[in-house]
Amino acid sequence: MTAVVDKPTEQARSATPEFEAANERQKRRRGFLLALPAYAYLVLFFFIPLGIVVAYSFATRTRNGSTSLSGWNLEAYRKLGEPIVSDILVRSLLLAVITTVICLIVAYPFSYFLATRSPAVRNLMLVFVMIPFWSNFLVRNYAWRVLLGNDGPASQLTQAVGMGETNILFTQTAVVLGLVYGFLPFMILPMYAAIERMDWSLIEASRDLGASGFQTFRNVALPLSMPGVIAGSILVFIPSLGAYVTPEILGGGKTTLLGSYIVVQFLTARNWPVGASVSTVLMLVMLLAALAYFRAGGRTL
Amino acid sequence: MGEGLSDQSLADYAGVSAVAIEGVTKRFGDVVAVDNINLDIADGEFFALLGPSGCGKTTTLRMIAGLEFPTSGSLRIFGDEVGTLPPDKRPVNTVFQNYALFPHMNVLDNVSFGLRMKGVEKKSAATQAREMIELVRLDGMEKRKPSQLSGGQQQRVALARALVNKPKVLLLDEPLGALDLKLRQDMQHELKSLQRELGVSFVFVTHDQEEALTMSDRIAVMHDGKLLQVGTAEELYDQPVNRFVADFVGQTNLIDATVIDDEMIALANGTKIKAPNPYPGGTKVAMSLRPESISIGAPEDVPEEFRPTSLHGVVQEMNYLGHSHVYTVGVDWMPLEVRTNATPTSIKYEPGTEVAIWWDRRSDWVVPDEGYSS
Ligand SMILES: Nc1ncnc2c1ncn2[C@@H]1O[C@H](COP(=O)(O)OP(=O)(O)O)[C@@H](O)[C@H]1O
Ligand SMILES: [Mg+2]
Numbered sequence: 032m033t034a035v036v037d038k039p040t041e042q043a044r045s046a047t048p049e050f051e052a053a054n055e056r057q058k059r060r061r062g063f064l065l066a067l068p069a070y071a072y073l074v075l076f077f078f079i080p081l082g083i084v085v086a087y088s089f090a091t092r093t094r095n096g097s098t099s100l101s102g103w104n105l106e107a108y109r110k111l112g113e114p115i116v117s118d119i120l121v122r123s124l125l126l127a128v129i130t131t132v133i134c135l136i137v138a139y140p141f142s143y144f145l146a147t148r149s150p151a152v153r154n155l156m157l158v159f160v161m162i163p164f165w166s167n168f169l170v171r172n173y174a175w176r177v178l179l180g181n182d183g184p185a186s187q188l189t190q191a192v193g194m195g196e197t198n199i200l201f202t203q204t205a206v207v208l209g210l211v212y213g214f215l216p217f218m219i220l221p222m223y224a225a226i227e228r229m230d231w232s233l234i235e236a237s238r239d240l241g242a243s244g245f246q247t248f249r250n251v252a253l254p255l256s257m258p259g260v261i262a263g264s265i266l267v268f269i270p271s272l273g274a275y276v277t278p279e280i281l282g283g284g285k286t287t288l289l290g291s292y293i294v295v296q297f298l299t300a301r302n303w304p305v306g307a308s309v310s311t312v313l314m315l316v317m318l319l320a321a322l323a324y325f326r327a328g329g330r331t332l
Numbered sequence: 093m094g095e096g097l098s099d100q101s102l103a104d105y106a107g108v109s110a111v112a113i114e115g116v117t118k119r120f121g122d123v124v125a126v127d128n129i130n131l132d133i134a135d136g137e138f139f140a141l142l143g144p145s146g147c148g149k150t151t152t153l154r155m156i157a158g159l160e161f162p163t164s165g166s167l168r169i170f171g172d173e174v175g176t177l178p179p180d181k182r183p184v185n186t187v188f189q190n191y192a193l194f195p196h197m198n199v200l201d202n203v204s205f206g207l208r209m210k211g212v213e214k215k216s217a218a219t220q221a222r223e224m225i226e227l228v229r230l231d232g233m234e235k236r237k238p239s240q241l242s243g244g245q246q247q248r249v250a251l252a253r254a255l256v257n258k259p260k261v262l263l264l265d266e267p268l269g270a271l272d273l274k275l276r277q278d279m280q281h282e283l284k285s286l287q288r289e290l291g292v293s294f295v296f297v298t299h300d301q302e303e304a305l306t307m308s309d310r311i312a313v314m315h316d317g318k319l320l321q322v323g324t325a326e327e328l329y330d331q332p333v334n335r336f337v338a339d340f341v342g343q344t345n346l347i348d349a350t351v352i353d354d355e356m357i358a359l360a361n362g363t364k365i366k367a368p369n370p371y372p373g374g375t376k377v378a379m380s381l382r383p384e385s386i387s388i389g390a391p392e393d394v395p396e397e398f399r400p401t402s403l404h405g406v407v408q409e410m411n412y413l414g415h416s417h418v419y420t421v422g423v424d425w426m427p428l429e430v431r432t433n434a435t436p437t438s439i440k441y442e443p444g445t446e447v448a449i450w451w452d453r454r455s456d457w458v459v460p461d462e463g464y465s466s
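Residue numbers (this note's numbering), protein chains in the order written: chain A, 32 to 332; chain B, 93 to 466.
Read the hints as simulated data drawn from the structure, not as lab findings.
Note that the structure is predicted; figures quoted are calculated from it, not measured.
Hints are not guaranteed to be accurate.
Unchecked claim - Pulled a few chain B residues facing chain A out of the computed Cβ check, cut under 10 Å:
no., residue
1, 157
2, 186
3, 191
4, 195
5, 197
6, 205
7, 213
8, 215
9, 373
Using N, Cα and C, we set each Cβ at its ideal position, and we do this for glycine too.
Build out the structure end to end from the sequences listed, making use of the hints.
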């Protein structure tokens, strides 16, 4: 080291602040160029359509069903306050919350179990978690329809154990069941990642300091795995809130939810401003959820 | 502790060992981490578990803590069998090797954690925690997160967090391993005086023999899961039970030899040396000779009474260490290390000089040639 001081070498010169700043600038410029296609893609296919949706939500529906962009107004948003629409909003929120909570309750112990297995068992079980993704979402929802249908396997099972017929197809219960099934992996994966990353000696330290198993979970394991819990909750809550396929197939269209309502507004009722305003509100809710997550300090989406 | 050990039972057993380990074995699959060890640790004792990495020290400590359960054998804490009692039911606390501080809690919450979990009311827990934080000289740091502390400070938090629970035995797993030398030496003194002040048994795991020698009342030397010797620093240093202990504790010259009779041994080159020993004739042994117990001088200067315990050789190397000279002397079949005090008047022997080395009969020590497989 001392030799370097009195006879400056290449490295010594490159360590000057000016050089570093220039180097940093160059790196940033190169980074920007590399990211340019991605930026272009985002602007073209994400921000512009988003802007159109927001713009339409302030537009007017003409009498013949087309949309007039002249004369901005809040008519479409006023419609959200009407009981029909606000009922749908509340029901969708409720179902999304119930789905998220059930996923949480099911996924946490499972992820905990998963994270404490040997690597071989762990990987095998992770594959099992992801197997459903190998087939089409629509197909899987129709499979549930068969499962839950009149005299389907579920019903036969409950009859066999003497609990009578199950008639839950085309009910909200069936919708929640389908949503939980569909989105559970999105809860398990980030949760598992967070728990697996946790320093196990902290759990031992907690027990060593006199905490029971439950106290350890409550005061150490849960707070430390919180980023995974929040990430998983958002990954389940957001698609549940806007779900369309599952409520349509398993709910039988009886209990209209947000997703179906938006589709109807755009395609059947041809009321684009209302469809757009509901979409905008939905996006705002999701944005708030995402912000809450980042506020909570998570970084693992 | 609660359901684990009542104060009544502690009183009944007054005077029994703090920790009594009897025939304890711990297996992990095929690995025998701890192999049938017996150990008694007295109340108020500073006890070190010493041995090279992988010898089973941590496993032994974890079994006392309840973080691991013995495969077989009996483990008692103040007389009560704790076999498979979970850690939160034992009157012991641990300072972990990596400290294991809770990253989401500040110093105060870390230290008061144990009390809070036992249901101590918040204010009282905070008061006790503050006292303990003061004791480890971290006052003013209560609101900091562990990530905002230096290694030495984290170490103190870990110590305070364990001690605030008033454990009957404190377990420490290489607590100074991550600290630099100066800090390490300071902490050695602090730990020692803390232990004296509190009068609690400390079980201290280390692979550093110097650390074990300076700090401990007694030391257990482990190797390959086996307990080789338990004793005071002097006992281990002066009377090691076998070649491994002699070599591991302090520096020594180990000279291969064969027993002739209970007074004499023959060194590897045939030289007969007077060395009283309890082994039958023909036993393969090693003679341990500490570098500082050997004198060096001109061949004709060997004092009469040391003739039977002297060897001739040639200086191969000399290193000056400030307080001492360290010579490597070749005695025709092996090099021996000799250390002499360096004073302005002491004679130096340059490499190449023919010398004699001799020692007091009481300072050599014959050990069986076993217990060494590393
Ligand atoms: N959980 C475990 N699973 C398998 N082997 C282990 C486990 N813990 C320790 N071992 C093995 O037991 C032996 C002793 O380990 P340890 O007690 O940690 O040694 P030390 O603390 O003296 O370095 C080592 O061979 C180690 O690999
Ligand atoms: Mg260890």
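Do the hints match the structure? See the list:
Of the supplied interface hints, the one on residue 157(B) holds, with its beta-carbon coming within about 6 Å of a beta-carbon of chain A, less than 10 Å. Given hint, residue 186(B) at the interface with chain A, holds; its Cβ is 5 Å from that chain's nearest Cβ, closer than 10 Å. With a least beta-carbon distance of about 9 Å to chain A, the hint placing residue 191(B) at the interface is held under the 10 Å criterion. Checking residue 195(B) against chain A by beta carbon gives a least distance of about 7 Å; that is within 10 Å, so the hint holds.
Because the closest C-beta pair between residue 197(B) and chain A is about 9 Å apart, less than 10 Å, the hint holds. With a cut of 10 Å, the hint placing residue 205(B) at the interface with chain A holds, because the nearest CB-to-CB distance is about 5 Å. For residue 213(B), the suggested interface contact is broken, since its CB lies about 15 Å from the closest CB of chain A, more than 10 Å. Hint on residue 215(B) is violated. Least Cβ distance to chain A is approximately 18 Å, over the 10 Å limit.
Because the closest C-beta pair between residue 373(B) and chain A is about 53 Å apart, greater than 10 Å, the hint is violated.
Of the hints listed earlier, those the structure fails to meet are numbers 7, 8, 9, in rising order.
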